Amino acid sequence: MKIFKLILIFLLLFSIVIIGTGCNGIFFIPGASYGYYIWEDSEDNIHIAWSIDRKESVFSGWIATDGKINEYNLLGWEENDSIKLSEDSCRIEFNASLNENDYSDEIILVIDNYSYLEFDLRINDGYDLSRINIGEFINNPNNNIFRIEKDYFSQLDKKPWYREHPLSGLFYKLSANIIYSLAYIFLLGVIIIEILRITVIRRSSRYWWYIVISYCVLILIDSGVYLFLTKLSFI
Amino acid sequence: MRVKSFFRSIGKVIVTKEIFENKILLRLLYKYFLIGMLIRLIFLPFFFQRDLLSTYQRAAQTVFGGNLGSDFQQFIMNSIHSIYLFIIKSILPIVGEYSEILLQTDTWSSWVNFISSENVFIVISLFKVLYLIFDILCMFLVMRLLFDDEPEKRLKVFKLWVLNPFVIFILYIFARHDIIGIFLTLVALLLAKYKRKYWAIFVLALAVAARFFPIMILPILIFYLADKKKDYIILFPVGISGLIAVEIFSYFYFGRSVIFSLINTQHFDYILSSKLELVIHDRIFIFIAVYIIIILSYLHIRKKTFDIFLNYCAIIYLMYVSICYFHPQYLLWVVPFLILIFVRKKVLYRYHWVQFALLMVILIYWGDLVTKFVLAPIDPKYFIYLTGPIPIINRFYSPSKFVNIFRSVFTGVSLWMIYLIYKENKNILSGNSIVDINNNLIEK
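Sequence lines, in order, name chains A and B.
Take the position in the first sequence, starting the count at 1, then add 2; the result is the number in this note's numbering.
Take the position in the second sequence, starting the count at 1, then add 443; the result is the number in this note's numbering.
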């Protein structure tokens with residue numbers, strides 16, 4: 003029990019540290035995580051943050067919109083970092099560097115009347131789309147210059163749990179070879195029933211009833227897994 | 444009736460006569476076996492460390508490419524994997540479909556292609572089934588090493604192996620093949636137990652040829668088995684005959700020396716990794732010095748019983764991981780010997796769990812490859828781009844200092860375990876069953 007309590011305290015402290023060091027719209031750890039992180043807060047402001055694992059790097063690019071950028075706020079910005087809002091307030095350009103002691107920078111945009119946002123985000127003057135996370139971790143764009151619609155983030159929130167990473171990857175592979183997956187689950191089930199049989203069920207007066215019920219439950223679970231893996235899409 | 448008696452005799456061979464004839468113990472053994480299998484099967488399809496793929500890539504070069512020397516340093520191990528790969532690809536065409544990935548020479552792209560493939564869970568499971576077979580053989584062999592006529596204690600040994608965190612982690616999460624060498628070593632030890640000295644040394648020689656590490660216990664096995672001077676003269680050459688045979692084969696077939704190639708690998712340098720620098724070129728390799736002390740200490744024991752011999756095997760392997768650079772799978776070598784001691788000295792089992800917890804931190808040494816990438820078959824992109832433990836630690840503190848603090852604690856715990864084993868040896872030699880007194884003290 004003492005060990006359990008210690009683990010619990012450790013997890014609690016770890017959570018506090020993580021929350022205190024950068025748990026935002028998307029989870030990332032400034033100074034450890036690597037890439038761009040884009041999200042929308044509850045007041046519809048757009049956040050663009052970037053971080054790297056304490057290596058000297060330059061993050062640059064622009065964000066454009068068909069609306070009007072009313073206001074922008076900067077977090078973790080240094081003297082050498084630059085940002086420029088166009089005269090018509092529909093495009094903003096930035097160039098900011100991170101280093102061993104500069105963990106993260108962030109731009110918060112307050113935008114009115116827009117239907118889309120367009121991004122061109124570079125790291126060390128090159129493109130690494132796998133490092134651009136839109137709304138959630140590894141939700142990456144397909145093109146170097148990419149566009150998202152206004153309701154993109156709210157649509158993302160509606161994504162079902164089984165399409166979230168890493169579960170989506172697991173379910174996709176399990177669904178790729180359904181016979182193997184069902185056999186695997188059935189085998190695990192048989193072992194669990196066997197353990198129950200020689201421990202709990204063994205002494206019961208309704209021994210055979212419980213055995214039959216256990217296997218019926220297992221067949222039901224396997225059928226449920228079959229339906230789940232074949233009827234849903236995980237990509 | 445004949446069929447029944449046939450299965451009864453098979454049962455006795457598998458689980459020992461004493462356990463088979465005791466219904467309660469037999470049921471308990473079956474329960475532990477099932478729980479162990481459940482845990483193993485849960486991990487079987489999902490996790491592996493990159494080295495598993497490398498091992499089967501070398502086997503694939505033999506099976507698909509006809510290259511016998513794809514891993515000439517581990518010729519026997521490669522042959523076992525090649526035969527197994529040949530069998531599974533003949534039975535299941537799905538394995539054959541992986542030949543292209545397995546024959547890819549670029550390690551990164553072959554790994555990415557492998558973990559991204561749709562049937563990766565099946566193939567990982569099949570690759571690991573070989574280790575599962577040897578693991579099952581080992582769990583029934585290891586309980587036979589000690590405690591004759593004490594079936595309860597044998598059952599405890601079985602339980603400690605089946606539910607051992609190192610066994611489960613190294614074979615089913617890390618997926619390394621050391622279990623094959625351990626199986627051969629256990630066979631050799633069983634033969635030694637029944638004083639089949641030439642067979643014991645011959646099988647250990649085979650184990651040495653398969654995986655170099657059993658050579659560490661070869662000297663004390665010779666000291667344990669030898670009764671006369673003549674035995675030393677015969678047993679020593681037999682002990683190294685496996686290595687010599689592989690050397691000769693390699694020299695004539697591949698035109699390369701296995702021994703010199705092994706000595707020049709970084710793995711051999713691990714043995715020399717802890718050293719005392721003196722002046723100019725003079726230095727002392729600590730493990731070699733300590734190893735000699737252990738061997739001499741064993742040599743001076745008059746009454747070389749089998750349990751003392753096994754305790755010394757545990758001391759040697761514990762000493763190695765205490766003071767030398769090691770890979771996580773090397774910890775498996777000490778497990779068969781330690782679990783025999785746990786039955787008599789419970790306190791060591793707690794330290795064993797502490798060792799395991801510390802290993803989980805020490806793993807960070809080897810970076811992404813042995814931490815987050817182990818989980819990569821589940822969702823490659825997610826785990827490749829997930830922030831690894833080193834950058835997270837580096838955000839707050841030096842990762843190398845952090846890991847080395849835990850490494851030092853690991854060394855401290857392991858050295859303390861050695862001391863406790865050494866103390867137990869003294870008790871056994873003095874004829875006092877202090878082990879029981881110790882256990883009573885803990886219970887109090």
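Calculated directly from the structure, the hints in this document are not laboratory data.
From a predicted model like this one, the values you see are computed outputs, not experimental measurements.
Hints may be right or wrong, so weigh each one.
As the list claims (entries may be wrong) - Dumping the calculated DSSO-like pairs for lysine-lysine here, alpha-carbon to alpha-carbon at most 27 Å:
#1 LYS86/A <-> LYS161/A
#2 LYS57/A <-> LYS866/B
#3 LYS233/A <-> LYS824/B
#4 LYS718/B <-> LYS746/B
#5 LYS824/B <-> LYS746/B
#6 LYS866/B <-> LYS596/B
#7 LYS815/B <-> LYS57/A
#8 LYS815/B <-> LYS161/A
#9 LYS672/B <-> LYS474/B
#10 LYS671/B <-> LYS160/A
#11 LYS638/B <-> LYS718/B
#12 LYS671/B <-> LYS869/B
#13 LYS789/B <-> LYS640/B
#14 LYS57/A <-> LYS844/B
#15 LYS869/B <-> LYS747/B
#16 LYS161/A <-> LYS824/B
#17 LYS640/B <-> LYS672/B
#18 LYS596/B <-> LYS673/B
#19 LYS474/B <-> LYS640/B
#20 LYS161/A <-> LYS57/A
#21 LYS636/B <-> LYS455/B
Unchecked claim - Just a few of them, taken from the derived set where beta-carbon distance is under 10 Å, the chain A residues facing chain B:
#22 ARG133
#23 GLY137
#24 ASN142
#25 ASN145
#26 ASN146
#27 HIS167
#28 ARG204
As the list claims (entries may be wrong) - Negatives, chain B to chain A, calculated, CB over 12 Å:
#29 LEU477
#30 ASN562
#31 ILE766
#32 ILE805
#33 THR854
All residues carry an ideal CB built from backbone N, CA and C; glycine is no exception.
Checked hints:
A hinted pair counts as satisfied when its Cα atoms are at most 27 Å apart, and LYS86/A with LYS161/A does not qualify at roughly 35 Å. A hinted pair counts as satisfied when its Cα atoms are at most 27 Å apart, and LYS57/A with LYS866/B does not qualify at roughly 51 Å. Between LYS233/A and LYS824/B the CA atoms are separated by roughly 24 Å; this keeps the pair inside 27 Å, and the hint holds. The hinted pair formed by LYS718/B and LYS746/B fails the criterion: a straight-line CA distance of about 33 Å is larger than 27 Å.
For the given pair, LYS824/B sits about 59 Å from LYS746/B by alpha-carbon distance, which is inconsistent with the 27 Å threshold. A threshold of 27 Å between alpha carbons decides the hint, and for LYS866/B with LYS596/B the separation of about 21 Å falls inside it, so the pair holds. Distance check on the hinted pair: LYS815/B and LYS57/A sit about 21 Å apart at the alpha-carbon level, within 27 Å; holds. A C-alpha spacing of about 25 Å is found between LYS815/B and LYS161/A, which places the hinted pair at or below 27 Å, so the restraint holds.
Restraint check: the Cα-Cα separation between LYS672/B and LYS474/B comes to about 48 Å, which exceeds 27 Å; the hinted pair is violated. As the CA atoms of LYS671/B and LYS160/A are separated by approximately 80 Å, the hinted pair breaks the 27 Å bound. Taking the CA atoms of LYS638/B and LYS718/B, the gap is about 38 Å. The hint is violated against a cut of 27 Å. Our distance criterion of 27 Å between C-alpha atoms is met by LYS671/B and LYS869/B, whose separation comes to about 25 Å.
For the hint linking LYS789/B to LYS640/B, the alpha-carbon distance of about 32 Å lies beyond 27 Å, and the restraint is violated. Restraint check for LYS57/A and LYS844/B: satisfied, since their Cα atoms lie roughly 19 Å apart, inside the 27 Å limit. For the suggested pair LYS869/B and LYS747/B, the alpha carbons sit about 12 Å apart, so the restraint of at most 27 Å is met. For the given pair, LYS161/A sits about 19 Å from LYS824/B by alpha-carbon distance, which is consistent with the 27 Å threshold.
Simply put, LYS640/B and LYS672/B have alpha-carbon atoms about 14 Å apart, close enough for the 27 Å limit, and the pair holds. For the hint linking LYS596/B to LYS673/B, the alpha-carbon distance of about 37 Å lies beyond 27 Å, and the restraint is violated. Restraint check for LYS474/B and LYS640/B: the C-alpha separation of about 36 Å exceeds 27 Å, so the hint is violated. Taken as a hint, the LYS161/A and LYS57/A pair is broken in the structure, with Cα atoms around 34 Å apart against an allowance of 27 Å.
Proximity of LYS636/B to LYS455/B is assessed by CA-CA distance (about 19 Å); at most 27 Å being required, the pair is judged to hold. At a threshold of 10 Å, the smallest CB-CB gap from ARG133/A to chain B is about 7 Å, leaving the interface hint in force. The interface hint given for GLY137/A is violated, since its Cβ lies 15 Å from the closest Cβ of chain B, which is over the 10 Å cut-off. For the restraint placing ASN142/A at the interface with chain B, the shortest Cβ-Cβ distance is roughly 9 Å, inside the 10 Å limit, so the hint holds.
The beta carbon of ASN145/A comes no nearer than 18 Å to any beta carbon in chain B, farther than 10 Å, and the hint placing it at the interface is violated. The interface hint given for ASN146/A is violated, since its Cβ lies 18 Å from the closest Cβ of chain B, which is over the 10 Å cut-off. For HIS167/A, the suggested interface contact is upheld, since its CB lies about 4 Å from the closest CB of chain B, less than 10 Å. Because the smallest distance between the Cβ of ARG204/A and any Cβ of chain B comes to about 8 Å, under 10 Å, the interface hint for this residue holds.
Not every CB of chain A lies more than 12 Å from the CB of LEU477/B, the least distance being 5 Å, so the non-interface label is violated. Distance to chain A contradicts ASN562/B as a non-interface residue, since its nearest Cβ pair spans about 6 Å, not more than 12 Å. The non-interface label for ILE766/B is consistent with chain A: the shortest C-beta to C-beta separation is roughly 28 Å, beyond 12 Å. Every CB of chain A lies more than 12 Å from the CB of ILE805/B, the least distance being 18 Å, so the non-interface label holds.
With a cut of 12 Å on Cβ distances, THR854/B stays outside the contact zone with chain A, its closest approach being about 22 Å.
Hint compliance for this structure: hints 1, 2, 4, 5, 9, 10, 11, 13, 18, 19, 20, 23, 25, 26, 29, 30 are not met, and every other hint is.
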